[in-house]
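> This is what each chain is made of:
2 protein chains.
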Amino acid sequence: MTPYNQTIALDAMGGDFGPEVVVPAAATALKELGGGVKFLLYGDERKIQAFLDKHSELKAIAEIRHTDQAIGNNEKLSAAIRRKDTSMRMAINAVKSGEAQSIVSAGNTGALMATAKMVLKCLPGINRPAIAGVFPSKQKDTVMLDLGANLACDAHILVQFAVLGAVCARIIKGQDNPSVGLLNIGSEDMKGPDQLREAAAILSNVDFPGRFRGFVEGHDITNGTVNVVVTDGFTGNVALKVAEGVGDLTGHFLKEAFMSSLFSRLSAVLGYGALKRLKKRVDPRFYNGGMFLGLNGICVKSHGGMDVYGFSQAILVAANLVEQGYNKRVAYEIEQLMGQESFFSGMAGQSEGFS
Amino acid sequence: MTPYNQTIALDAMGGDFGPEVVVPAAATALKELGGGVKFLLYGDERKIQAFLDKHSELKAIAEIRHTDQAIGNNEKLSAAIRRKDTSMRMAINAVKSGEAQSIVSAGNTGALMATAKMVLKCLPGINRPAIAGVFPSKQKDTVMLDLGANLACDAHILVQFAVLGAVCARIIKGQDNPSVGLLNIGSEDMKGPDQLREAAAILSNVDFPGRFRGFVEGHDITNGTVNVVVTDGFTGNVALKVAEGVGDLTGHFLKEAFMSSLFSRLSAVLGYGALKRLKKRVDPRFYNGGMFLGLNGICVKSHGGMDVYGFSQAILVAANLVEQGYNKRVAYEIEQLMGQESFFSGMAGQSEGFS
Numbered sequence: 001m002t003p004y005n006q007t008i009a010l011d012a013m014g015g016d017f018g019p020e021v022v023v024p025a026a027a028t029a030l031k032e033l034g035g036g037v038k039f040l041l042y043g044d045e046r047k048i049q050a051f052l053d054k055h056s057e058l059k060a061i062a063e064i065r066h067t068d069q070a071i072g073n074n075e076k077l078s079a080a081i082r083r084k085d086t087s088m089r090m091a092i093n094a095v096k097s098g099e100a101q102s103i104v105s106a107g108n109t110g111a112l113m114a115t116a117k118m119v120l121k122c123l124p125g126i127n128r129p130a131i132a133g134v135f136p137s138k139q140k141d142t143v144m145l146d147l148g149a150n151l152a153c154d155a156h157i158l159v160q161f162a163v164l165g166a167v168c169a170r171i172i173k174g175q176d177n178p179s180v181g182l183l184n185i186g187s188e189d190m191k192g193p194d195q196l197r198e199a200a201a202i203l204s205n206v207d208f209p210g211r212f213r214g215f216v217e218g219h220d221i222t223n224g225t226v227n228v229v230v231t232d233g234f235t236g237n238v239a240l241k242v243a244e245g246v247g248d249l250t251g252h253f254l255k256e257a258f259m260s261s262l263f264s265r266l267s268a269v270l271g272y273g274a275l276k277r278l279k280k281r282v283d284p285r286f287y288n289g290g291m292f293l294g295l296n297g298i299c300v301k302s303h304g305g306m307d308v309y310g311f312s313q314a315i316l317v318a319a320n321l322v323e324q325g326y327n328k329r330v331a332y333e334i335e336q337l338m339g340q341e342s343f344f345s346g347m348a349g350q351s352e353g354f355s
Numbered sequence: 001m002t003p004y005n006q007t008i009a010l011d012a013m014g015g016d017f018g019p020e021v022v023v024p025a026a027a028t029a030l031k032e033l034g035g036g037v038k039f040l041l042y043g044d045e046r047k048i049q050a051f052l053d054k055h056s057e058l059k060a061i062a063e064i065r066h067t068d069q070a071i072g073n074n075e076k077l078s079a080a081i082r083r084k085d086t087s088m089r090m091a092i093n094a095v096k097s098g099e100a101q102s103i104v105s106a107g108n109t110g111a112l113m114a115t116a117k118m119v120l121k122c123l124p125g126i127n128r129p130a131i132a133g134v135f136p137s138k139q140k141d142t143v144m145l146d147l148g149a150n151l152a153c154d155a156h157i158l159v160q161f162a163v164l165g166a167v168c169a170r171i172i173k174g175q176d177n178p179s180v181g182l183l184n185i186g187s188e189d190m191k192g193p194d195q196l197r198e199a200a201a202i203l204s205n206v207d208f209p210g211r212f213r214g215f216v217e218g219h220d221i222t223n224g225t226v227n228v229v230v231t232d233g234f235t236g237n238v239a240l241k242v243a244e245g246v247g248d249l250t251g252h253f254l255k256e257a258f259m260s261s262l263f264s265r266l267s268a269v270l271g272y273g274a275l276k277r278l279k280k281r282v283d284p285r286f287y288n289g290g291m292f293l294g295l296n297g298i299c300v301k302s303h304g305g306m307d308v309y310g311f312s313q314a315i316l317v318a319a320n321l322v323e324q325g326y327n328k329r330v331a332y333e334i335e336q337l338m339g340q341e342s343f344f345s346g347m348a349g350q351s352e353g354f355s
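Chains as they are written, first to last, in the working numbering: chain A, 1 to 355; chain B, 1 to 355.
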């Protein structure tokens, strides 16, 4: 029983299921955390109350903050962020005011990032927040960022992401001196776009809370070649969704293969334990919780379609980041980074790719 | 037995295994093609001859062109493309001179693309060649390009890729009116980098040999949402390698799961047929053959580590593109494209992403 002492704001209306998932997920997370935590539940009081009544332990330490406004999943971003009384916005405001230390939402990613950035602002020295996630690998889990917050990133922003990711790997995955790679299309030094080669030159020369291992490629994410993979938000988002797609396709083929004959169906019954173990190894619920790093407050995004267990994992990620003082450690490391001349020296880029 | 009438130049020294794989692969492809084809084998005569002697049918229609020079897999690109007497370069020259209609190599991708581009040049109207590949999906196979030839691409180049890919899907996959999507990080119109939104605007207005379906995301590649996915070479290469990595990881987990107990091992034996069917569905050998599209001559790249069956698939891809007159059809379609005002009108871009 870790002695937590924190308040978590939940956007109870976000995601495909709203309070039906969020409230029981909070109850599940509470059991795991063993107390010392308080929840603020933002959304439709009547709906939240109905679910809260079923969880007496949670009810004792949770408070409902009513609003009948919520952001639709297909709402236009520019309209969504202007609304001040949505469950998402109010939950983020709770972190801004200091009433809560973290906010978890399964709502629209774009709206959550834009609102969190607008309300919470970045940590000193950080130019852009990034979305980080955890990927399964053959070795240890891999932390990857940015998964979609920034379309394009210059070298200095990529270096900041390396710091955000390295501190995250230390805290979330207990890696003492995490190895960090920059995602590129070849591991040779001379390959890739200018900003990547410049970021590599900087990371090779600065002290930061990880070991820079140079360029890595797409397959290195799941090979576990490095503990942290750094990329821009466009590439990272494509990589994340390709990985989800291939996982999904494999499951589809696996099902087809084992359903194709009576004999193979029988073997699937006998191999139930093995197939279940496989499913557990690649279960997206275990990897749920996109961490919005670099903001002045902890913000975690749950996948919109997650069930109770999956959403509870996102809450635990937020609680862990708060408990271990993620932002304080990042602020310290960024200050150290900015104090180094080699962070600013950069490199004159010469391009050599395939073309 | 399709009546082929073509000559295929093979870089017999490329890849991890050289003539040991290339020569028997040519014999395998010949059986599949049923004759009407001739092979030019470029490389070390003595080594090639030893393998050729084992395949009498192939020997009758193959000619060895000796050179003791070959490009090393780790050779610097700039050095590699200057060498005029390598097996790769000489095989490409055979297409340039008209002696062969296609060239297949398992050698270094960068060197192959750079040399092919330098020697063969692009088709009229094409600014940049692209590497296209075929991905398995839940529905029909998906053609994707560019997989690594061009780091960044402007809107007009992406539109040309859409034409290259659509004609490819017609020929390779027999899709009459292939649907085409642009890879982005959201399917909404207003999302993504300027060049993507501009390419979308053009593709919505021009006539081209496919149906434009707007933006698609990473998971759509394996979902089979569209027949052709268009992207720049950086993103495409990352996507390809992430897909390979996740496939590899799943195989690793599957093995672990079925080896973890005596009981699950037994079920794996019983489920052998199903597991074999699964393996076949995701077997990279079936999808071997990176097509270098847009060049004045057909050039196909085999994965360096492919076995005989895998390399033979790359040969069949090349033979198919030649037999069905891929380049002639592309040249026609590009001319049609360039004749349309809407190809040049473009669009004034307004950026709205997450950030």
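A portion of the hints provided could be inaccurate.
One copy or any two copies: either way a pair holds, since identical chains are not told apart in the list.
[What the hints assert, rightly or not] Each computed DSSO-like pair below joins lysine-lysine, with the alpha-carbon atoms no more than 30 Å apart: (1) LYS255 / LYS276; (2) LYS47 / LYS328; (3) LYS173 / LYS280; (4) LYS191 / LYS84; (5) LYS255 / LYS173; (6) LYS280 / LYS140; (7) LYS191 / LYS280; (8) LYS140 / LYS255; (9) LYS121 / LYS191; (10) LYS96 / LYS173; (11) LYS54 / LYS255; (12) LYS191 / LYS96; (13) LYS31 / LYS173.
Read the hints as simulated data drawn from the structure, not as lab findings.
> Run every hint past the structure and note whether it holds.
Hints, one by one, checked against the model:
1. Taking the shortest alpha-carbon separations for LYS255 and LYS276, both the intra-copy value of 12 Å and the inter-copy value of 13 Å come in at or below 30 Å.
2. When the C-alpha separation of LYS47 and LYS328 is checked against a cutoff of 30 Å, the pair qualifies neither within a copy, at 36 Å, nor between copies, at 64 Å.
3. Taking the closest pair of Cα atoms, LYS173 and LYS280 come within 30 Å of each other only inside a single copy of the chain (18 Å); across copies the shortest separation is 36 Å, beyond that limit.
4. For the identical chains of this complex, LYS191 and LYS84 are inter-copy neighbours only, at 24 Å across copies versus 46 Å inside a copy, given an alpha-carbon limit of 30 Å.
5. In this assembly of identical chains, LYS255 and LYS173 lie within 30 Å of each other by CA distance solely across copies; the values are 25 Å between and 32 Å within a copy.
6. For a Cα distance limit of 30 Å, the shortest separation of LYS280 from LYS140 qualifies both inside one copy, at 15 Å, and across copies, at 29 Å.
7. Proximity of LYS191 and LYS280 under a CA criterion of 30 Å is satisfied in neither setting, with 37 Å inside one chain copy and 34 Å between copies.
8. In this assembly of identical chains, the alpha carbons of LYS140 and LYS255 lie at most 30 Å apart whether taken from the same copy (27 Å) or from different copies (18 Å).
9. Proximity of LYS121 to LYS191 under the C-alpha cut-off of 30 Å is restricted to the inter-copy arrangement: shortest distance 23 Å between copies versus 34 Å within a copy.
10. Taking the shortest Cα distances, LYS96 and LYS173 sit within 30 Å of each other inside one copy (27 Å), while across copies they are farther apart (55 Å).
11. For the homomeric pair LYS54 and LYS255, neither the shortest alpha-carbon distance inside one copy (36 Å) nor that between copies (42 Å) is at most 30 Å.
12. Taking CA atoms no more than 30 Å apart as the test, LYS191 paired with LYS96 passes between copies only; the shortest distance there is 28 Å, against 42 Å inside one copy.
13. When the C-alpha separation of LYS31 and LYS173 is checked against a cutoff of 30 Å, the pair qualifies only within one copy, where the shortest distance is 21 Å, while the shortest distance between copies is 54 Å.
The structure does not agree with the numbered hints 2, 7, 11 stated previously, though it agrees with the rest.
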